[in-house]
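Note that the protein sequences, when read in sequence, are chains A, B and C.
Using the numbering used here, you'd call the opening residue of the first sequence number 525 and step up by one each time.
Using the numbering used here, you'd call the opening residue of the second sequence number 276 and step up by one each time.
Using the numbering used here, you'd call the opening residue of the third sequence number 12 and step up by one each time.
Check each hint, because a few of them may be wrong.
With a straight-line Cα cutoff of 20 Å, these simulated PhoX-like cross-link-like pairs (lysine-lysine) come out [unchecked claim]:
| # | chain 1 | residue 1 | chain 2 | residue 2 |
| --- | --- | --- | --- | --- |
| 1 | A | 682 | B | 526 |
| 2 | A | 697 | A | 682 |
| 3 | C | 21 | C | 102 |
| 4 | B | 526 | A | 784 |
| 5 | C | 310 | C | 328 |
| 6 | A | 697 | A | 784 |
Incomplete in silico selection of chain A near chain B, CB under 8 Å [claimed, not checked]:
| # | residue |
| --- | --- |
| 7 | 539 |
| 8 | 542 |
| 9 | 593 |
| 10 | 669 |
| 11 | 670 |
| 12 | 673 |
To list a few chain A residues with every Cβ distance to chain B over 12 Å, as calculated [unchecked claim]:
| # | residue |
| --- | --- |
| 13 | 527 |
| 14 | 531 |
| 15 | 538 |
| 16 | 550 |
| 17 | 570 |
| 18 | 623 |
| 19 | 639 |
| 20 | 654 |
| 21 | 668 |
| 22 | 676 |
| 23 | 697 |
| 24 | 742 |
| 25 | 772 |
| 26 | 783 |
If you're looking for bench data, these hints aren't it; they were derived computationally from the structure.
Where is the CB? At the ideal position from N, CA and C, for every residue including glycine.
The primary structure of each chain is shown beneath.
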Amino acid sequence: MIRFILRRVLGFIPVFLIIATLVFFLIRLAPGGPFMEGERHVPPEVLEQIRESYNLNAPLPQQYAMYMWDLVRGDLGPSMQQPSRTVSQWIVLRAPVSVELGFYSLIVALIIGLSAGIIASLRPNTLTDYIPMSIAMAGICMPTFVMGPLLVLIFALKFQWLPVSGWDAPAEKILPSITLGTVYAAYIARLARGGMFEVLAQDFIRTARAKGLSETRVVLRHALRGGLQPVISFLGPAAAGLLTGSFVVEKIFIIPGLGKQFVDAAFNRDYTMLMGAVLFYAVLILIFNLIVDVAQAWLDPRVRYD
Amino acid sequence: MTDVAPTHIEAGASLWRDAWRRLRKNHLAAISFFLLIAMVALVIVGPWVSRYSYETQDRELGAAPPSASHWFGTDDLGRDLFTRILYGGRISLMVGLCATAVSLGIGVIYGAVAGFAGGRIDSALMRIVDILYTLPFTIIVIILTVYLGKSIVLIFMAIGAVEWLTMARIVRGQVVALRHKEFVEAAYVMGLRRRRIVLRHLIPNALGPIIVYTTLTIPQVMLLEAVISFLGLGVQAPMSSWGVLIQDGAKVMEDNAWRLIFPSLFLSITLFSLNFLGDGLRDALDPRISKD
Amino acid sequence: MPLLDVKNLKTHFHTRAGIVRAVDGVSFSVAPGEMLGIVGESGSGKSVANLSLLGLVPMPPGKIESGTAQFDGVDLLHCTNAQRRTIRGKKISMVFQDPMTALNPYLRIGDQIMEPLLIHENMSKADARARAVAMLKRVGIHDAERRLREYPHRFSGGMRQRVMIAMALITHPQLLIADEPTTALDVTVQAQILELLKTMQAELGMAVILITHDLGVIAESCDRVLVMYAGRIVESATVDDLFREPKHPYTRALLASIPATQEKGAQLYTIQGAPPDLTATMEGCPFAPRCEHAQPQCKIGPIPLAEIAPGHATACKRILAGEIT
């Protein structure tokens, strides 16, 4: 198992470098850039000097080589638009908030999604199936930027049970986590239902029943592991979705996370910040995919040590 | 139940007729289908018959709640919300269709090439798809839209450019599976040319999954456009899309709740219908995983 | 007194295509310690009849329309779920056709074998483990202690079927229902598994219902046979009688179509026509459309199974009337 993890981690390195290269050229080859004339009331000579200091005037291959060299040494450079901190410092400052939001949302999604999906799978094509699944579909069709404002409208403005925005007091964290979590709860519910449905039709479930097990034991001990496989494979993409979904939620609830930092960096053409944020997201997603793979191998003996 | 396998295939009914029959029996999918047609018709015809244009302002009126003259109310510039929603719908639906078309084109060609070439080319092409999968789509689209400019055409190009990955995988899977089926081998033996095999045999057989996934891509793409617009990176004023309208509405929801609710409703209904139709098509076209 | 006494069992499936009468009025009994074979082609209802007894027919679409099944003072078709659970896996066990899919791929072999003991006999884990090891050895699996910790995918088909048998027999049931236990296996392994079933039956003194479509398997191992066709029993006899003196035309056709019994070089015998559509209501004998002896009278009225000789019953009007021999 440890060798499997090590091999996967080694495999991350080329993927990471390819992503860095792709994003680097994607950003640089586009017209425009930071510190262009006319964008600010700064004399052209000063701008020229700034560009020089960031190496923006060097030929592209040279810029690339220098960036990659710094990257390999773990240096993401200073933020071009907010030079008070380096990109790494910004990430350290902002990312924990986004990760915390993502974590709570995932918990919300799993609790709601799993229970709805499993309940629905037990009696297919009855009301206990249709009702949770219709709600799940509604959840999928109600994007975060609709759900968020609506929740605020109802719970913060109308009833005034919860604060409108912020990220300090525990009460402020409830609405954002629910907003971000419900969409994924809906997907998880659908996947859990589908997976359980499939497993419950398998021969070995009939074997388990023939052994005289109670229905609870059949579901919990024999069906759950296989039935939740689709949910577990979904957690990789879901983690990516929770991170990028946080752009919207951070904007709605005015949360000082990395998502807001990233969108601002994109607006301001803050090359270094943008690169840093994308690479940080990529690493997080790769790590999460690895965790998912390990969990899957652990749950399904047939794929173990592949 | 090894003993009972009542498979009743009506004689002469082709796959497509069978699928159509199953789809009509699925009430939710049928309702979704008509809702969608109604929505498209409304969005196309509505603005022509409306008394207002999407930029007609009535500053004296300002933001007014729904009334007889303005069914869905107005925004703070006194523009009729109903008309703006219909115009925004045109943009949203167009982005949905065009971006899906782009992703369909790239995905089908890429997947078919990979599946048909096989061997090293196939694994190299698919490895690239795997790597791209690790990048969150939204991030790439945001970078693309910021740097390529904010025109609608570029937005749907950008979205299409990142949404083709799953389509490529599906098409490749189908092609690989079908390549080794007897009828394709038979076509080879009969000396048919490659192009003919692809056109006459492979594509028609892969069509089912492609149609299903296309239907499910449209709502994803529309959602992505709405996210970008909501973040302020998408369609620019005075044009609007549902995402933009929702963002405007969210800002003023405390006093002008209707400006959040109506555009949200339109977007959600459309997404709802597309998803149910996609699900229905999947059940109809793929009898193996359908419920009966 | 029979161990199991089934009367007029009807199991129907309510599908969109109509009502499939998978089992349509079946009565039989099993004596303690005997091996009863049930033979018939796919769709004859032999599996469904037995699954019905244990409440393993998926409902819906399945529905048990009528019948009783007395076992150990309980009517299996009309007892509570709780009662049924105390019988399933304890007094009546089942072995299924495909050992590749009948074992849970996510759980260790040991945990699966021990499970019936843990839930039915309140045994400690250590005791259950010891019983499981002993049982695995008895069904011919070497190195049982180590293999107990492995997952099913590490076992071959024949080995998995041995595991299935060990799991079914670990509670020493009074009745074992083996549903095509050898069909999915290689020919050489088939013989071993049948041999194992016979040995275990002798050792534990249990009754066995052996469901198969293979008359060879019946000839080799059973005491008595039921022949099923289209959800009904068309003939019931001892194995010797059945092979020596088959009565029902369907049984005769079945015997005639065994390649080994036919002359070398002769054209293989096949039964004309196709099995009937079970969604249609059937008057008279279900085999009549394919029967070379069929007369208009064969398509009228219910044709019950009736004794033609002691211990030998058939559901053919013309045989019973002595019109054909």
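A quick look at each hint next to the structure:
| no. | hint | in the structure |
| --- | --- | --- |
| 1 | 682(A) - 526(B) | holds, 16 Å |
| 2 | 697(A) - 682(A) | holds, 18 Å |
| 3 | 21(C) - 102(C) | violated, 23 Å |
| 4 | 526(B) - 784(A) | holds, 17 Å |
| 5 | 310(C) - 328(C) | holds, 10 Å |
| 6 | 697(A) - 784(A) | holds, 16 Å |
| 7 | 539 | holds, 5 Å |
| 8 | 542 | holds, 6 Å |
| 9 | 593 | violated, 22 Å |
| 10 | 669 | holds, 4 Å |
| 11 | 670 | holds, 4 Å |
| 12 | 673 | holds, 4 Å |
| 13 | 527 | holds, 21 Å |
| 14 | 531 | holds, 15 Å |
| 15 | 538 | violated, 9 Å |
| 16 | 550 | violated, 6 Å |
| 17 | 570 | holds, 24 Å |
| 18 | 623 | holds, 15 Å |
| 19 | 639 | holds, 22 Å |
| 20 | 654 | violated, 10 Å |
| 21 | 668 | violated, 8 Å |
| 22 | 676 | violated, 7 Å |
| 23 | 697 | holds, 20 Å |
| 24 | 742 | holds, 17 Å |
| 25 | 772 | violated, 6 Å |
| 26 | 783 | violated, 9 Å |
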